[in-house]
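*Asks:* Once you've looked at the hints, go ahead and assemble the two chains, each given alone in its own frame, into the complex.
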Amino acid sequence: MKNVLSTFLRRPAGIVGLTLLGLIVAMALLAPVLFPVSPWDMSARPFVPPGQDGLLLGSDTMGRDIASGVWHGASVSLIIGIASALTSLVIGVTLGCVAGYFGGWFDLIVVRITEVFQTIPNFVMAIVVVAILSPSMGTIIFAIGVVSWPSIARLTRAQVRTVASREFVAAARCQGQITLSIVMHHILPNAFTPIIVAGSFSVAAAILIEASLSFMGLGDPNHMSWGYMIGAGRTVIRQAWWMSVFPGIAILVTVVAINLVGEALNDALNPRISRQ
Amino acid sequence: MSQLLTIEGLRITLPEGGDRDHAVEAINFDVARNEIVCLVGESGSGKSMIAHAILGLLSPRVKTTGGYIGFGGQDLLTLSRREMQSLRGGRISMIFQEPLSALNPLKKVGRQVAEAIRAHDATLDRAGVDARVVDLFSQVGLPDPERLKGAYPFQLSGGQRQRVMIAMALSNNPDLLIADEPTTALDVTTQRQILDLILKLRDERGMGVLFITHDIGVVADIADRMLVLRRGRMLEYGPADQVLLAPEHDYTRMLLDAVPGRGSVLHKAAGGAPMLEISALRKEFRTRSGPFAKPRVVVAADGIDLKLHQGETLAIVGESGSGKSTLARMVLRLVEADSGAVRMGAQNILGAGRAELREFRRRAQIIFQDPYSSLDPRMTVGESILRGPISFGMPRAQAAAEARDWLVRVGLDAQAFDRFPHEFSGGQRQRVCIARALALNPTLLIADEAVSALDVSVQAQVLQLLSDLKAEFGLSMLFITHDLRVAREIADRIVVMQHGRVVEQNEAAALFAAPQEEYTRTLLDAVPGRAFFARSAALSAAPQRKAMQ
Chain H
0 MKNVLSTFLR RPAGIVGLTL LGLIVAMALL APVLFPVSPW DMSARPFVPP GQDGLLLGSD
60 TMGRDIASGV WHGASVSLII GIASALTSLV IGVTLGCVAG YFGGWFDLIV VRITEVFQTI
120 PNFVMAIVVV AILSPSMGTI IFAIGVVSWP SIARLTRAQV RTVASREFVA AARCQGQITL
180 SIVMHHILPN AFTPIIVAGS FSVAAAILIE ASLSFMGLGD PNHMSWGYMI GAGRTVIRQA
240 WWMSVFPGIA ILVTVVAINL VGEALNDALN PRISRQ
Chain X
0 MSQLLTIEGL RITLPEGGDR DHAVEAINFD VARNEIVCLV GESGSGKSMI AHAILGLLSP
60 RVKTTGGYIG FGGQDLLTLS RREMQSLRGG RISMIFQEPL SALNPLKKVG RQVAEAIRAH
120 DATLDRAGVD ARVVDLFSQV GLPDPERLKG AYPFQLSGGQ RQRVMIAMAL SNNPDLLIAD
180 EPTTALDVTT QRQILDLILK LRDERGMGVL FITHDIGVVA DIADRMLVLR RGRMLEYGPA
240 DQVLLAPEHD YTRMLLDAVP GRGSVLHKAA GGAPMLEISA LRKEFRTRSG PFAKPRVVVA
300 ADGIDLKLHQ GETLAIVGES GSGKSTLARM VLRLVEADSG AVRMGAQNIL GAGRAELREF
360 RRRAQIIFQD PYSSLDPRMT VGESILRGPI SFGMPRAQAA AEARDWLVRV GLDAQAFDRF
420 PHEFSGGQRQ RVCIARALAL NPTLLIADEA VSALDVSVQA QVLQLLSDLK AEFGLSMLFI
480 THDLRVAREI ADRIVVMQHG RVVEQNEAAA LFAAPQEEYT RTLLDAVPGR AFFARSAALS
540 AAPQRKAMQ
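The listed protein sequences derive, respectively, from chains H and X.
Numbering that gives the first Met the number 0 applies: residue 0 is where the first sequence begins, and numbers increase by one.
Numbering that gives the first Met the number 0 applies: residue 0 is where the second sequence begins, and numbers increase by one.
Excised from the complex, chain X in its bound form (with noise of 0.2 Å):
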C-alpha cells in the first residue's frame, strides 16, 4: 500500500505553565490512499494538535520539538512558508467542527469556492472556474448548485454549509483530506449523510482521510484504521476493527462502554398522577428584516400535548429547528408561548402572576446546553449556587452551607465553592448548574441539551450523575436531546419532534423496538455506531448462547 501520510516520533511542545510539556509525544501513524484513518480522544487529548502541526497552523507559541511529517517524499515540518502555502488547499486540505465560523459571512459560498479554485489555479478562466464550483456543489450533494453558488452563508443550514466546506477542500484535488470534527456540531440525521458523504468521496477518488473525532461511534462506522489518544500519548493503533472488537487497553474499553444508548432501555416506573400537562401550546416567530418585507414566520410550536408524570423522564427528541427548546422555555416562560397552556397541578402556568411565576420556577429548575454560557463568569460558583435560595429567604451561611454540601454531592468538592467558572473543565461545569438547579429543592427538572456539549465520556458520568440524583431526590425530569442515544440511555418515555409538532411519543421500549412514523425510523437508522454496536452485541451474546446450551 502506498502511503501518503507517514508521521514518526512526533512530538509538540507546549508552552511552559500548560498542564502538561508535550500536546503529544511519540506518535507514529500513517494514513494510506483510499482510506479513513481515526484519531479519537477526548478533549485535551491533543487530536486536533497533530492535525493543526501536519498543516503548519500551529500557533506560535506551540512548537514540534521532534519527529517527521512525510508526505509526498517531503518532510512537512522542514517546508518554507511558500511551500507550505501552495500544499494547504492544494494536496492537503482541511474540514473544521464549526462550519458557521469557517465560512465568510458577507461572501456568497460560491465565490468562496472559486477563491480557493483560483489561490491554486490562476490560470482557469472565470467560466471555467465556474463550471467547476457547479461541478463541486453536486459531487457533495447540494441540491440545485446553480442557485445555492449565490446564497450566503446565513441562508444555507449547518448540513449544507459543511458540505460547502467539503466542497471548498475537494476543489483542488487533494490527495489527503483533514477532518477535524466536522460532524460534532451537527444534528444526527445530518451527520450521518456527511459521513456518508466522506466515504463515497473516498471511494470514488482514493483520497486518504485523516478524521478526528470524540465519538467512537461515528469510529466505528467509517473508520479503516484507528488511534486512540490519551493526554498526547497512543494508547492504541490499529485496524478499526480489531481495536473496536477486542480493545487492549482499558481506555478504550472505557470510550466503548461510554457510548449511550445500548443497554437495555428503561422501563417506566409505575405511572404516577401528570405532574405537568401541557396543552395546544402554539408559538410562531416572526422576523421581519424591515418595515415593508414580508415577515419570515417560523412556527416553533404547532399545538403541543404533552403529559409528564410523577417521577418519569421524559426524552424530547429532534433535530435543531424542530422547536424542543423553545418548548422547554416556553414552560419555564423564558420564552412566552402564543396560546395554548402549561398546568402544574391545578395552576395554568402561563397564566401566573409574578409572585406564582416565581414559586413555580423555584419547584421547576432547568440546565442548559452550554456550559460556558450558562455560569456567570465573573461570579464564584459557590456564589451562582446560593443566590437561589437566598433570594427565597435562607440565611446566607446556611445557603453557602449547603451549596458546599451540593458540590459535593455532584461530585466536585466543597473547595469549589470560592472558584470561578473558567477554572472548571465542561463537565465539571455542568455539574455545577446541576448543584444550582438542585440546591432550590426542585420537583421537576428541564434538561436543555444538558450533555449534548461534552465528550463522550463525560456525557456518560454526566447521565449517570443525573439519574442518581432524580432517583435520590424523587424528581421529574423533562430531558430534550438531538441525540436518540442519550434519550434510550435516560428517558422512560420519548417524543419525537419535528416542525413544532409532535411527531411520534410512546414508552422509550416500545419506541426502540418498533418506531410507528417514518421520521423516528430516519432517526434511529442516523444514530453513529449503530451496525457495529448491533454486531458486537450479536458477539458477546453467542457464546453466552452457547454456555447456556
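Excised from the complex, chain H in its bound form (with noise of 0.2 Å):
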C-alpha cells in the first residue's frame, strides 16, 4: 500500500491530477462559506463583464453572480461524477465478473443486454429516463448510473475471462480455494486496473452527462451546475462570453483532474512499476 502510495506520488500526473482535485474539492467545501448567498440569487445588475462592480467573473442574464455559480456547482458536478460512477462500477463489475467467470446462461444473457443498451446512445437514454422519473439528484444519478454501467460490465467481462485462463487462477482451484476468494484475490486484483482507468473516465462523463441534462434544462432545479450556467449563457455567448467559459472552463479541468488521476493510478496499482 506505501508503494502504491508513493508512486502515485511519483508520477508527474498524479501529483497534478490531485492538485487539481484538491482545488476543485476545496472549492466545493468553501463555497456556502465564500459564497454564502444562494447563486440563484441576483446580486448585481446583468451583463456585468468579469472583474467589474467587485465580480470577479461577471455575472449573467438575469444578474446572478457566475463566480457563486461556478463555486457552488463544484459540489453538483463532483458528487454527480462520483456518486453516478460508483453506481455504475458495483452493477458494471458485478455483473461482468459473475458473466466471465461462470459463462454459461447468465453469460449470455448479460451479454445481450449490454448489447442492446449499446445500440441506444447514452445521452437520449438517460434523457428519457430523467424526463420519466422528473429531475433531481438522485435521478440523474440513477440515469446516469444506468446507462454508463453496460460498457463496464463489458470490459470486466472481458478482463475477468483473460484472467480466469491463467494458470494462477488453476492453481488457486488447486489449492482448495472456494470460488469467492478466488474472485476477490486473484482475478479482480489483476483485472482491475483497466477498470479502475474505465472507472475514472466514466466519472469524467458522468460529469459531462449531467452538464448535458442541466444544459437540455434536465438539471435538479435546486442545484446550481455547470451545464446548466452554460445552457442559459449559450444564446448570447458572442455578447457575454464570460457567462459560458467559465463554467466550461470548471468542467474541463475537473475532467482533465479526473483522467490524470486514473493515469496515475494504473501506474500505481502495477506492482511492476510500483515496486521499482
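Worth flagging that the hints you see were computed from the coordinates, not collected in a lab.
Predicted, not measured: the structure shown is a model, and the values here were computed from it.
Zero decoy hints are in this set.
Derived CB-CB ranges, DEER-like:
| id | chain 1 | residue 1 | chain 2 | residue 2 | range |
| --- | --- | --- | --- | --- | --- |
| 1 | H | G102 | X | G205 | 50 to 58 Å |
| 2 | H | R111 | X | D524 | 51 to 59 Å |
| 3 | H | S164 | X | H248 | 37 to 45 Å |
| 4 | X | E7 | H | G21 | 53 to 61 Å |
| 5 | H | I131 | X | V298 | 54 to 62 Å |
| 6 | X | R285 | H | V89 | 36 to 44 Å |
| 7 | X | E7 | H | L4 | 49 to 57 Å |
| 8 | X | N103 | H | R111 | 32 to 40 Å |
| 9 | H | I195 | X | G205 | 55 to 63 Å |
C-beta: ideal position from N, C-alpha, C; glycine also.
*Replies:* See the structure below:
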C-alpha cells in the first residue's frame, strides 16, 4: 500500500491531477463560506463583465453572480460524477465478474442486455430516464449509472475471462480456495487496472452527461450546475463570453484532473512499476 | 578459409541500473562460409544481444560501445540505417525462437514470403515471385507448397511455421543466417527436422550459420565451432569436438553435465499398491467457427488406461497435441472428461462432489509449465503459498511460518516471502510453485512440463529438487514432458502418448533399452546430442576398461 501511494505521488500526472482535484473539492467545500447567498439570487445588474462591480467572474443575463455559480456547481458536479460512476461500477463489475467467471446462460443474458444498451445512445437514454422520473440529484445519478454500466460490464467480463484462464487461477483452484476468494483475491486484483481507469473516465463522462442534461434544462432545479450555466449563457455567447466560458473551464479542469488521477492510479496499482 | 563474419572486441553497454554494466564484453569470433558456429549460454548470458547487434536491432537504450563487426569488408557498426536495411533480410537474415509471433497472423504465409523477396528485388514480376516462393517452400521441406502458400499461420503446425520463417530468411540467398533459439519452442521430433534442414541448407548453399542455443545437446549435433558465453564474457571458443570432449572450463563441464537423460536409468522401487488408476478416459474438444459450420473435433483422450503406484514416478511423454497436458488437467478436473474414471483408492474423482473434490485436490497438487503465468503477479509469493493451507483451516501465523520453511526447503530463503514473482528468475519461480504445491502436504504431485521452460542447467537443479523432495516425503509423481531426456532422468516408468492414445508403456529401463513401437523409436532418435553423448560415454568408458585389464 505504501508503495502504491509513493508511486502515485512520484508520477507527475498523479501530483497534478490530485492537486487540481483537491482545488475543486476545496471550491465545493468553501462555496457556502465564500458565497453565502444562493447562486440563484440576483446580486448585480445583468451582463456585468468579469472584474467589474466587485464581481470576479461577472454576472449572467439575470444578474446572478457567475463566480458563486461556479463555486456552488463544483459540489453538484463532483457528487453526481462520483456517485453515478460508483453506481455503474457496482452494477457493471458485479455482472461482468459473474458472467465472465461462470459463463453459461447468465453470461449470454448479460451480453445480450449490454448489446441492447449499446445500440441506444447513452445520452438519449439518460434524457428519457430523467424525463420520466422528473429531474433531481437522485434520479440524475440513477439515470447516468444505469446508462453507463454496460461498457464497464463488458470490460470486466473480458478482463475476468482472460485472467481466469491463466494458470495461477487453476493453481488457486487446486489449492482448495473457494470461488469467492479466488475471484476477490486473484482475479479482480489482476483484472482491475483497466476497470479503475475506465471508472475514472466514467466519472468524467458522468460530469459531462450531467452538464449536458442541465444544459437541456433537465438538471436538478434546486442546485446550480455548470451545465445549466453554459446552457443559460449560450444564446448570448457572442456578447457575453464569460457566462459560458468560466463554467466550461471548470468542467474541463475537473475532467482533466480526474483523468490524470486515473492514469497515475493505473501505474501505481501495477506492482511491476510501483516496486522499482 | 574465407571469413564471412568477423567480430572483434565487441562490447554492448546496458542502460544504468541493470545487473551488470555491459551485456557482453571482449567478444571475438568469426563465422566462415559453409560453417555453423554455435553461441551457447544460459538466458541472460547476452547471446541474443550479439545477434541483435550484428543486425542493428538493439533496442535504443542498449548501445554497442566498442569493437568491430566485419561483414563483406565493411564494419556493420558504422553503416547507415539505409545500408543496414538493405543488408537485413538480404545478405544476412535471421530466424527467431517463436515462429507464431514472428509471422503476421492475418496474412497468408506465401504472401509474407513474397513480400520479403520483393523488398530486396523489385524487378521480379508476380509470376517470378510466385515461382520463387514455391521453390523456397519445397527447399525447406514444406509438403504441397502450392497449397500451403495460401495458408494462414494458424493453419500450420509449429514446425511448419518455423519452416516458413526459414524460407523467408532464405528468400534472398543470404550469405549468413542467424538463428536465435529456432528450435527451443518446438517438439523434439520437429526440432530434429529443423536441425537437419539447417545442416542440409548449409551444405547445399554454403551458407554461414550463427546458431544461438542454450541446449548443448543441439550444439553437439550441428556445430562446427562453438563459443561458450557466461554473463557476457567468452569462456571457451574453438572447434565443437574439441570444446565438447575436452572442455577447459568448469562452466562448460557444468553445462554438459546438466544435459538430462544420460545417467543410469532409474530402477523402479518395489511396486507399491496402485494409488491412482485411470481407466477408459475419453475427451473430445469440439470447436465451431460459426453456428452452421461443421465442428472441428480433436480427440485429446481416446480411452486412456494408466496406473500410478505408490511412491512411483510415472512420466507421460508425447509431442504437443498428444493430449498429455489435458490428461493432467482431467485428473484434477480442471478440464472435465467426457467419460471414463479416475480413481484414487476407492473413490472415483470424476464423480466426486464439491467437498470431496476439494479434499482430493489437497492431496493431488500440480506444478504448471510456465512459471510466469502460474504465480499471481499481484500477490507476494508468501501469500500465494499460504493461501492453500489457510483455506483448509490453518491459522494464518502458522501457515506463514510453514510457508517460510517451504521456501527454505526448495532452495530459496525466507526473505523471499515478501517479494513479488517478477523479482525472481524462471527457475526460482518454479521453486516457489513447488513450495506452493507441497505446502498442502499432497501425496500425489503432477508436474505438467514443469521444467520445459527452463534453461538446461536450471532444469537439472529443479529436477534434482523434485526427486529429493519426492524421496523425502514419499510422494508419487505424474511427470508430463515432451522431452525423453528429462523423463529418463526422473521416471521409474514411462508412458508414450500420441493423438490421445497410449502408444507404449514400460519400465524406464526397458523402454530405453528396447523400445517396442516405431513412434517411441522416432522420439528416441530425435533426442538432440544423442550420438555425441553415446560417443563420449564410450570414450570415457574405454580407459576404465583398459585399467581393469
